[in-house]
Every structure is written in structure tokens, then in C-alpha cells.
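A.B. asks: One-letter residues, chain by chain:
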Amino acid sequence: MSNETTLIFQHSRPGRSATAQAPKPVSEDQLSAIPASLRRKNKPGLPEVGELEVVRHYTNLSTKNFAIDKQFYPLGSCTMKYNPRGANRAAMLPGFLNRHPLAPASHSQGYLACLYELQNFLKEVTGMKGVSLAPMAGAQGEFAGVAMIRAYHEARGDDGRTEILIPEAAHGTNPATAVMCGYKVREVPVGKDGDVDLEALKEACGPQTAGLMMTNPSTCGVFERQIEAISKAVHDAGGLLYYDGANLNAILGKVRPGDMGFDVIHMNLHKTFATPHGGGGPGAGPVGVSQRLLDYLPTPMAGLDEESGDYHWIDTDTLPTSIGHLSAFMGNAGVLLRAYFYAMVLGREGMIRVGEYSTLAANYLLKRLEAIGCQAAYPDRRASHEFILTFAKLAKDQHVTALDIAKRLLDYNQHAPTIYFPLLVPECFLIEPTETETKEAMDDFIDAMAKILEEANTDPDTVTQAPFTQPVRRLDDVKAAKELDLVWGE
Amino acid sequence: MSEIPAELRYRQSHEWVRVDGDVAVVGITDHAQDAMGDLVYVELPDVGQVFAAGDEAGVVESVKAASDIYAPVSGEITEINEALDDEPELVNNDPYAGGWLFKIKMADDGELKEMLTADQYQEQIDSE
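Protein chains in written order, with our numbering: chain A, 1 to 490; chain B, 1001 to 1128.
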């Protein structure tokens, strides 16, 4: 492993450059449109380095990465599955890559056809009546979803609805979305078996209820068994049901949110439909809706004229009740194309296998980890595509915490699972192997966990001092949070 | 073993109260700070704000989690621990003294009777 610890700026020497990437000189003529007052006086503070130094610097840095291309990456709640290279190749076809976002529909028929078919495919797989691909990421999908709930109540003059109900086991972003859309959040407790406390939910429902946001399977890693009763309670009170697609991978092709009674859903294409994930994007968070919300879908959407066979954009001129645009153009084109390719390659049969294999992998891993002495948070429940372990007893007896075990996993060349989430389980791991991992990869993880548990009991310092083999030891995350400093130099 | 002073009253959500005349001094317990880990930020109410018992009155944030602080009794905030702005670690190092969060002028000291005693709070922790 490389010991590269420098920044590219520290390699800078005056006069060095990578000719291939240097910008072409600009003439005074070309600058004339920019007023002198707006022109910079000094050169920008960019590093001056040769091409070989740049290549070496970043190649060395990349070898330090933990990444799905190198390691098992069981980050629960995130669905860090493998993105097939073929999807990437398809999205990089020159016709897609060089298409200008302002190109007229007549010059974009192929691209529009892909989007139109993707909309239909997502409708079919989720059981919803309409889909818009416009949201640029999961959070924007959530925003669009709750904005549509608001638009629906407002259009009916039903303006006493001020609250969104959110179960404790919902996805962490849901309360933030509700508040962003101007709602108050009311939390609904979850029982010891991971299911929503139905009586408490019924009590919380009323004329002030705008809707309920939930994830199913929940962040407890279990399928909510009372979903039909929950749906009825919320609908009877006049509220709408929002499905957070964070855990859609578990039920893909098996159960459809539309059939469970949900009125609106957002999907994370960067999770479930195998497009790049992590590093802050780009993502894609399409929304699907029931009949009630069709008029409010965000635009633009892809439409088809059945007679002429031509594709076109559907926008607010023909759908004035829409909540409108969410970005300058329409979604992240490249990500949507990758998802289209993924969907077409898998087809209906493949989608069913995704749900089945991701669930099988999670349950295999859970049973094997329980057998070596790990404590499941919900031992009586079957896992969905992910599950929770709790190390509360180990923390009490040996002072070895979930964080310590996560750090020690790095020494065994395993990316740590999500830790300390969901908040309602103490000292927890949230583990999601996904359908793309082999039994051998999971067995390696189980072996590493067995060794760490033994160390925790016989030689706890090895675990509490870990990692030993990484470029850095324990980072001072408290200092990093309190004194955030992201700027190099003065 | 976390420290649970016998003379204080406790809330199930891990706040403690020290009674000083008609004023309640509020903080979070040793057990709570240990479970949270090193705090990086404490959000306190404003002096003069009025709360009912059980209202959200602040937030403590660590590198692991953010957790709401609830007003254990009803009343008006008379003072907040401004030192926590720069030194949230006071809550970790000294949860029952230097790490206090805020003071409430109690509207009804009868509410104290509904809070947990040290023994009851100990029982709650043991059963978690």
C-alpha cells in the first residue's frame, strides 16, 4: 500500500504543466465581453505539476481506497452493490454523451425513448400509476414526494393537515424532508419485534394528518407485517402514504409498494438499479405516484404520441398542476441511462432474482454470524436484505464497542458495515451484503468477525487500538467535527 | 459503572434535575454521555423560553448521533450554560456539575414527584 500523504498542491513547482490538459491561451479579443472589473488580477491557485506526477499521485491515492472494486462492502441502508460495467459502457455511447440538453426533441428521439421506457418499467415494478424521472437524487425525490402530498391537500382546500407521521424505524432523511416541506413531524413508536406500534399509530392519526412516511422493509431490517392495517388507518384519517425506496432492493419483483397502498414512492436508482453510488452523487431519485397524485408529478417527463410514434417532453404547459421543475433540465441523464440498461438486461425474471438473492444473502450471513456468537437485534425475525447486530453486551463486559470492531475489520481487509444506525439499537451494526456478493466473499467476512470476537474476549486491546495496517490509525473525529478545516494553505 | 447521584431526580430519557429553591438545574446523566460518546455540539434553548414537561428543549450531538433533550419539568428558562458553546466536552467530563445544560424556573414542583429516583433510574439502565 502506498504511503502517499501529500496533497497535489505540495507537488507544485513554478512552470511545470501537463500540456495535454493545459487550457488553450485566450486572446484579448475573446475576453472583451467581460468587463475589466470582473476579471481576476492574479492567477488562480492551481497546482503546477507534470502529467506523470499527476498520474502517480492519484494512482497512489486510489490504492488506499476501500471500494467495492477491491473489498466486500456491506454498508447497510446504502445498498452498495456492484454496478455492472456494461451499463456504464451503454451510457457512454457518443450519441448520448454528446447530446446537448437543449437539443430539440426531434433530435433526441433515442434518448427520449429510453426515458419513456424506463418510466414504464419503474411503474410496472413498483405498481404505481405514473413515474417522473426528474428528481436528481434520493433527497430530492423525497422532497418532490412530500411536495406532491402538500399540493394534493391544498388543491382540495384541505389545509388543516399540518403533520407527517414517521415511525422510529423510518429512514433518517424522512423527518428532514417533512420539515423542509413545512410539516410538523410526529414520531410513531416501534415495538420490540421491529413492527410499528399500530395502536399508537391509530391514536396519532387525525384531521391534522397529512401523511405517513415509511420505509418497508424498515431500517430495522424487517418487513412491516401490518402494512395493510397501517395503510387503512392513515387513509381513513384522510392522509396519504409515502414509501421511502431506500430498501426497495429487498422486495424488488416480489411485492409492489402500489399494491401495499402507497400513494407516492421515491426510488434510489443509485441503490436498487445499480448506478454509481457514494461520493456525493450523481444520484437519481425518480418518484412514482398513485392515481390521486398523477396531476402533480414534477416535470419534464417523457411522453409518447401513439399515432405518430414520436416522443416528446411533457412540461407545465400541458400539466399546469405539476409541482414543476426540480432542476434546470431533467434529472441526471447518464445515471438514468445506466438504470435503463440495467433494467433491460435483467428483465422481469432478473428483478425477481434481485429481491430473492439479496434476502438470501442477508439471511445466510445473519445465521452464520449468530452461530459464531453475534447477537441479532431482532432474533425472532427473518432478515430482509439487511439485518442488525448489537454488541451492547460486549461493550458492557469487555469495553469493546461497535466502533472498535468496525475499525478492526479494516485490518482484515473488510469494509466495515454501517455503525450506530438505526439509533434505536445500541452498539449496532447494520449489515447488507446485497445480491452481488458470492458465498466465498461472505464467508471471508464471517471468518474475520469470528477472529475479532475471539480477540475481543482474549486480547481486547488489539480491537480497541485497531486499525494497525491502514495508512492512518484512529482519526480524531471529535476534533474533525469541531474544527472542520477543508482548505489547504493560508 | 456509571455514576447516579442519590440526591437528583431523573427522567426516562436520561436527563437529571437538581432542585435549587424553585429552580430546576437540568443536565444529562453520566450513562447518557457515555452512550453518546464525545459530544461535539450542544444546542440550548433561549433564556425566557417557556416549556411544558416533555417538550424538546435542546439537542446534544456526538460523532455518533444527535439526541433531543427534553424539559423534565414545566417552566421558564432562566439561565443556560454558555460555556458549552466552546467546550461541549464539559458534559462528558463532568455531567453532574460543570456540564449542566440549563435552569428552569418551575411552574409546578409537583411534577418532580413523577420523576425517577436514583434507584429507579438505576433499575431502568440495568434493564436496557
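Hints are supplied without guarantee of correctness; some may be wrong.
[As the list claims (entries may be wrong)] To give an idea of the interface, some chain A residues facing chain B are shown, with a C-beta separation under 8 Å as derived from the structure:
#1 Ala-328
#2 Phe-329
#3 Met-344
#4 Leu-423
#5 Asp-477
#6 Ala-481
#7 Lys-482
Calculated from the structure, these hints are not laboratory results.
Ideal Cβ positions, reconstructed from N, Cα and C, are used throughout, including at glycine.
A.B. asks: Taking the hints in turn, state whether each one holds.
C.D. replies: Structure-based check of all given hints:
About 33 Å separates the beta-carbon of Ala-328 of chain A from the nearest beta-carbon of chain B, more than 8 Å, and the hint is not met. With a least beta-carbon distance of about 35 Å to chain B, the hint placing Phe-329 of chain A at the interface is violated under the 8 Å criterion. For Met-344 of chain A, the interface hint is violated, the least distance from its beta-carbon to any beta-carbon of chain B being 41 Å, above 8 Å. Given hint, Leu-423 of chain A at the interface with chain B, holds; its Cβ is 5 Å from that chain's nearest Cβ, closer than 8 Å.
Hint status for Asp-477 of chain A relative to chain B: holds, with the closest Cβ pair at about 5 Å, below 8 Å. At its closest, the beta carbon of Ala-481 of chain A sits 4 Å from a beta carbon of chain B; the interface hint therefore holds under the 8 Å criterion. The interface hint given for Lys-482 of chain A is met, as the beta carbon of that residue sits about 5 Å from the closest beta carbon of chain B, less than 8 Å.
Consistency with the previously given hints fails for numbers 1, 2 and 3, ordered from lowest to highest.
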